[in-house]
Amino acid sequence: MGKGQRAATAYKSTEYISQQRDEDGLITHPFTAAPTSSSSLLGDKKPTFTLVTTYLSYLMLIVFAHIRDFFGKIFYPGQYVQLREQNGFAPMVSDFESLWSRRLYGRIRDCFNRPITGVAGGHVALLERFSRDFNRTFEFTGRLRNVLNLASYNYLGFAQSEGPCADTVEQAMREHGLTQGSSRAEAGRTQLLVEAEETVARFVGAESALIVSMGYATNALSIPALVGKGSLIVSDELNHSSLVSGARLSGAAIRVFRHNSTRDLEKVLRKSISQGQPRTHRPWRKILVVIEGLYSMEGEFCKLPEVLELRRKYGFYLFVDEAHSIGALGPRGRGVCDHFGVDPREVDVLMGTFTKSFGAAGGYIAGSRQLIDYLRLHSHSAVYAEAMSVPVLAQVLSSMRMIMGEDREHALEGQQRLDQLAINSRYFARRLVELGFMTMGDKGSPVIPLLLFNPAKIPAFSRECLERNIAVVVVSYPATPIITGRVRFCISASHTREDLDFALKQIDEIGDLLELKMVKGNDAHMQAALKKLE
Amino acid sequence: MESAANTPLPETGDVSQRGLLRTVWDVSFRIVIRYIKNSYKDDPFRTFLEVCLVGFIIWYMTKQKYNIGTNEVVLTTKEIDELCEDWKPEPLVPELTEFERETLDKAVLIDGPNGIRVKLASGSGKQVLNFASYNFLGFINSPDIEKRAQEMLRKYGVGSCGPPGFYGTLDVHMELEKQLAAFVGHSSAILYSQAFTTTLSVIPCFSKRGDIIVADEGVAFSLQQAIALSRSKVYWYKHNDMADLERVLAEVNAQLAGRKSALPRKFIITEGLFQNTGDITPLDALVELKHKYKYRIILDESLSFGVMGKRGAGLTDHYNLDPHEVDLMIGALNNAIGASGGFCCADKDLVEHQRLSGLGYCFSASMPGILTVAAADALHSLENNPDDYLPAMRENSVHLRTLLRRIQGLQVEGSNESPVVHIRLTPETLVRMKRSGGAWTKTDIDRVLTELTDEAQKDGVLLTRSMFVDEHERLMPNSSIRICVSAAHTKKDIEKCAHAVKSAVSRVTSKKR
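Chains S and R, in that order, are what the protein sequence lines are. Quick note: the first sequence uses full-length UniProt numbering, first residue 1, plus one each step. Quick note: the second sequence uses full-length UniProt numbering, first residue 1, plus one each step.
Hints may be right or wrong, so weigh each one.
Some chain S residues near chain R, calculated using beta-carbon distances under 7 Å [said to hold, decoys possible]: (1) Thr50; (2) Val52; (3) Leu371; (4) Ala385.
Treat the hints as calculated values from the structure; they're not laboratory data. Remember, predicted model here, so these are calculated numbers, not experimental data. Where is the CB? At the ideal position from N, CA and C, for every residue including glycine.
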């Protein structure tokens, strides 16, 4: 905690200095002149009282955790056997590591891993469960509970078991079987796979594309093929775990820049390029800047036009992870490039997943033909990992064709879904702000985080929502900074206006109950937030 | 702070207050001076020490933090501009070599379903016998499983639209986990949505920086990557050499004996059935060593699960050992089971730990319901009628090996019962083939092997060279053709395969080059 604070103040002072020294060579952007990032807006209006109580609550939780452990070890030593060295074997999970999961996560385990059955569409059927032993184990009542789903990444509502896409998938399974039992490079390349790759390339506007059977693996197993020793990865501090794993596996040097700050990115770049590799000062072989299109915990878009401007100036390669943005952003659903109106060919590596907007699974890498041909023989996923299964490929193909309007019978449906998603997201975000909640995220983002702060409010919000038949995702430390625990709403095109109004009404009540409405109606902050969403 | 310093003090301040401040300052200053004078008089050396200490503190506070290894050069803005201007990166990816281009252009392209017999869209374009896919029990393209899968589509759709933690856990996931744990005989199981990533998640989840890994040199690439990601201290032992393993274990333990710090976690990591050689790990000997030297075993059964043992439950079944002897058992559902994804069997606590810390579990969508049910169905079939699958697969494996061993100039690898057969030309044959003399490069060998698979394809048998990312493998495995035998192959199929290999070898080796 202390370290984080120090880092924050250190950052503030450097920011101050860099603003003073603009002649330094840092280009000033018309965009960066005004504090548009919602996190910086938030920085001004964090209510002091809430901050103090949040820190105090965590302190209390940790103190209690230690007290319980202390007495637990005296009175119930049996329960702590696995945390001690026994018979010459070191404990598998260290005492300190497991404190968080035993004593803090354990209290709110019922809010996570809630099992479902059927399709995670606009509504979802939860298996009702309860715990007799303080969340250590769960028992099922055998009843199902149909709840409104504000949690799944089903942006365009393609998570369906009926309809044209499902029909295509069934037909494909009849014709092409189920799985390949081999990697793409060996004997897993089928005509369906080739067709899907061509469609993906056309969809994102790249020359060529490679399909990987798992989203996490798309990043973790492809980045090592692009950069290695002697290269540098410059990564946004809030990048997804799969990008971090990929960067680590690659063996390249890693530098981090402040979330969405092109100014900081430029500073890191200038320093890295001018100093070269550590100790030897040899020039870097390549520099790969890794950003995400839509940050899924914040609901914020990357600043693609500014990053591209830097790319033109400094000549690095750009990797954009569109896991959440592809299909969900832009007037034609082609992701963050479409949203900003830039040519996708300016981005060297376009990565995305099919899990979210397309209701499928896995991911893709798209780019120039030379890049993709190289990856087909050198990326770990193409050479070693299983090829994509048939139903998933068919789902990708059919949903993408529908969005592109290539499905003659359902030519308009894709565009309708895109429009519906945009309308739903804006409506929901605007109403939340009007109600006085503190939200994050950019205009038009289908991911809308609402700040809860206090650790006690995090499970309370989730449980209250479940009580009122709404499924939501709450996230807190370590997935977010310690103070900004939040609930994250994922809006879908399959939500109707009634669904959203119902949810808003319930959230309104919960907001009163948990005292979450921290922005008052005539407040300048609310006016600013509303203006941003206009 | 800045603003406070910049604001000038108000001229019309409270005079008496300012006077008081000055008095306090004067008094404290005098006290300090007197203290220094007195102490200098009493003990001049102490004053010297104190001055040194103050100097050290000032130096320590002002020096740059974290300057380990940096030898930064101070540059002017102009110089930085010039350096940035001058810097030219290498191309993002290199051009493909001529052979790589050929490999890519001639890659196998399948039309329609995969299975024992596949229709090719590339090359000859006809129907061929498939000996390239991991389809040991013949579950791929099984009509019953596919019919069930089509029904499940109508219940679960395709994607789960979320990681398991956020409403991505399906009822069928939990059922399959229970079924897997019961089948293996372990306490608990956890599902991952891709087999390769399973190892990549499980190993770094437990083996951290400062822990110790002793691993077989011949392990498959996914394990090499997982070990690298864990950042633990790694010691390698000779492939499947238990004496060498014991030597390494003893050495490591001797090193640790001298250390006072807390005991690190120690793991032996190996594969059940080696993907790169087709060998089987002597698990009984490994378990003895485990207890003798206090190591835990992480066993990758990606290929051996569903293949080894009376019931097909893997290596512990094969050696009749308590499944709990293997602390973390990693299995795959895409090879023998013919579905997709992987799993890890372990004690309940360790499985629960993975649900929070397994990166591939927490940060990726869960396995589609269709594939989960397909895996469960295949597993049921194996559980209920192991004798329909396993004996046939073993007979086929033994039979194929016997036939292949008779072929002149061919080297056949792997343990007798394993359905993974690696073949390559013997070094003598290679020497004889190169009439011009000179050494064989890896590309030359790969090219000959590709010719072999092309020839076999002409005779209606689909084979594949084992593909590797050469520059990333720790120790490059010997190039080979990997033949995968299935229970669904008939005796005739096996003979056809052996015959195709034989004629391919004779054609390729007799060719002038």
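Let me know if the C-beta of Leu371/S comes in closer than 7 Å to any C-beta of chain R, holds or violated.
Since the shortest Cβ distance to chain R is 5 Å, the answer is holds.
Hint Thr50/S vs chain R: min CB-CB distance below 7 Å?
Violated - the Cβ of Thr50/S stays beyond 7 Å from chain R, reaching only about 24 Å at its closest.
Cut-off 7 Å, beta-carbon criterion: hint that Val52/S touches chain R:
violated, 21 Å
Hold the hint about Ala385/S up to the distance rule: shortest CB distance to chain R must be less than 7 Å.
holds, 4 Å
Hint violations for this structure: numbers 1, 2, all remaining hints satisfied.
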